[in-house]
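**Q** Input sequences plus hints: build the corresponding full structure.
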Amino acid sequence: MKAVEVEHLFKSYSGKVAVHDLSFAVSSGEVLGLIGPNGAGKTTTIRMMMDIIQPDAGRVEIFGEVPSQATKGRLGYMPEERGLYKKLSVIETISYLASLKGMDPRTIESEADALLERTGMLANKKKRIEELSKGMSQIIQLIVTIVHDPELVILDEPFAGLDPVNTERVKQLLLDLRERGKAVILSTHQMNQVEAVCDRILMVNDGRSVLYGALDEIRAQHRGHAVLVESDAEIPQVAGVVERRTHKDHVELVLDAASTPQRTLEALVQAGVPIDRFEVATPSLHEIFLLKVGGDAHVD
Amino acid sequence: MSTRTGLILRHEFLHTIKKKGFIILTLAIPVVILLGIGIFKLASNVVMPSATVTRIGYVDHIGGFDPLYETAAIELIRMESEEAATEALTAGELDEYFVIPADYVATGTVARYTLDKELAPPLAVSAAIEGFLDSNLLASEVPPELIGRVLTPTSILTTTLTPEGAVAEDQGGFTNFIIPALFGALLAIALNVSANYVLQSLGEEKENRLMEILLSTVSPGQLLTGKLLGRGAAGLLQVLIWAVSIPLLLRLASATIGGLVSSIQLPPGLLVLGVVYFILGYLLFAVVSLAIAAICSTVREAQGLAPLFTLAAIAPFWFVSLLMFFPNSPIWVVFSIVPFSAPVLMMLRLGITGVPAWQLAASMAVLVASVLGGLWIATKLLRIYLLMYGKRPRIREIVRALRAG
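These protein sequences, in sequence, are chains L and E.
Just so you know, we're using the numbering used here here: the first sequence kicks off at 1 and counts up by one.
Just so you know, we're using the numbering used here here: the second sequence kicks off at 1001 and counts up by one.
Think of the hints as simulated: they come from the structure by calculation, not from any bench.
Watch out, some of these pointers could steer you wrong.
Unchecked claim - Okay, the calculated beta carbon distance ranges per label pair:
hint, chain 1, residue 1, chain 2, residue 2, range
1, L, His-8, E, Glu-1397, 25 to 33 Å
2, L, Gly-181, E, Leu-1402, 39 to 47 Å
3, E, Glu-1397, L, Leu-291, 36 to 44 Å
4, L, Gly-120, E, Gly-1304, 41 to 49 Å
5, E, Val-1334, L, Gly-15, 40 to 48 Å
6, L, His-8, E, Val-1368, 40 to 48 Å
7, E, Gly-1304, L, Gln-69, 32 to 40 Å
8, L, Asp-206, E, Leu-1402, 26 to 34 Å
9, L, Ser-89, E, Pro-1356, 48 to 56 Å
The structure displayed is predicted, hence computed values, not measured ones.
For each residue, glycine too, the CB sits at the ideal point set by N, CA and C.
**A** Here is the structure:
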């Protein structure tokens, strides 16, 4: 049984299509990257999974059931809009929200302490939320999301505003969730993080699915006809190269349709070029994103 | 009640009763009354003079005016002339004096002289001079034993009977208005404060962007119910503390101050009705507050709209003098049934007059129906607007949204 199954989902607001015929699934022990430009329909899709709003058409199943109060206890959700009880302490906030999730009150504090320690926040346990920095509040929000050990975790921009240390902590937490067999949906604009932690991606634009599948396969599909060459010597023009792009430490040679990377390598060797690195160019997710969504994109 | 609703209820209740403002307001009323009793007692001992005799001189230009009866506190002394009276006054032999002019019978005016600067003659002095003059004017016309009856105002003792002819338990009277008026005032305060707590609670969660986390965990109905009951329980606790402490304090005041206070009685059933009207009134104002908080983006914006409804709770006090004299006027009957003014207005009317059972039943029925209707509207608005921020929707848009469901 999949953790999440979405089929032919539709949602409109006042005639404007927010989600159009979206279908995807997420398995336990997997991280799905949900990416897309602003206004693409990611948050609307998440809210339909969370039973906060109802779809106009289509089917959503969480662990084989229609989203309801019963399924909410098995989910952890960290929305993009950050918000906690400013006047409550860290432990009071975690305890209250964890109890609403159905967690046994006797275990809340110990579980919370473990996560606080893991994220370096234990010393702030008794501080009020308003006394914490933005980044610290965000870590607490993440703890609130996972303290009850949910089977499905949905995170919307969990890395936004975090320093490198906390970014790494959050990344390790995500990987740990996956290792423990949780299903994770990660919605973010930070493509480098998607590449680092996600197994599959779903790219949406204007409410529609643009790309869907394993990250490696998608990158392979979009692999351009180009090679990356690093050399101390000047790289001469060789046959079959239609364009040269000079980067900081290497040159990118775009090949014509008839050429192959093998032939280009042979040509360079014959030309006596000492080669330090030769690699078939694979586009980054950032580049694929820009290619697919074009001018609508806002990417970090 | 679901566990989640119970958890929200508990959280809201504890969060409210721990607020400084709640504690201060709850304790302030009884403490102020207690302080009032203490200060009155202290002031009485300082202000009230020990029993001394006031010596009042008089100069009689008509002739024949004599003190016909004595009082313990005032001594009337005939003086031969105004000069002699002034000399005696300045020498401290008199406390004051008055002159009966030759034309007193025609004008009714006497001239009074004193060394004290005062707003008005002391009541005891005025009564003594008036009694002296009246008794002398009547002496030649009325037998002595009747003079006292003519001078003493008639005391009318009223007894209220039941329709069956028995003596009614609740005898009414001005002093019996004090308790309901006090209850009414406290009810108005409690309703406004409790509704504001509910509004603040939801408004803050919306403003702090907590809504999405909460709605991913609980349903709008559970959230609304938990808040209503939790904050309501805190408000009820406040009202009960007042309801228990104030009668005790009034008993203490009776023993200490006496007078008017000692004749105050707690009308039977008033406490029960007070609690019932608090619960119904609170639920009504609270669901309206929730609906307002749902459509507003900030607490401040919501608090700006709330008085449109909560002022109705206070409005009866603006007309209390008219209410006292015409408590059964049709306009008051109507507004005792109109939901927003009903709780407080009915409490005031209960202290002034007997309210027919049908009016009590009608006002409660309308309140219950209003609460249920308000709850339906508030739940719908919560579902639609809880995650919306920015410009507040217009009434047209709200109505359209409610119709669309």
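**Q** Each of the hints needs a verdict: does it hold here or not?
**A** These are the hints, each one checked on the structure:
Separation of His-8 of chain L from Glu-1397 of chain E is about 30 Å and conforms to the stated range, judged on CB atoms against 25 to 33 Å. Gly-181 of chain L and Leu-1402 of chain E have their C-beta atoms about 45 Å apart, which keeps the hinted 39 to 47 Å range intact. For Glu-1397 of chain E and Leu-291 of chain L, the hinted distance range of 36 to 44 Å is satisfied, since their beta carbons lie about 40 Å from each other. Between Gly-120 of chain L and Gly-1304 of chain E the Cβ separation comes to about 42 Å, which falls inside the hinted range of 41 to 49 Å.
In this structure the supplied range 40 to 48 Å holds for Val-1334 of chain E paired with Gly-15 of chain L, their Cβ-Cβ distance being about 45 Å. Distance hint for His-8 of chain L and Val-1368 of chain E: a CB-CB separation of about 45 Å, consistent with the stated range 40 to 48 Å. As the Cβ distance of Gly-1304 of chain E to Gln-69 of chain L is approximately 34 Å, the hint placing it in 32 to 40 Å holds. Asp-206 of chain L and Leu-1402 of chain E have their C-beta atoms about 30 Å apart, which keeps the hinted 26 to 34 Å range intact.
In this structure the supplied range 48 to 56 Å holds for Ser-89 of chain L paired with Pro-1356 of chain E, their Cβ-Cβ distance being about 54 Å.
Consistency with the previously given hints is maintained throughout, with no hint failing.
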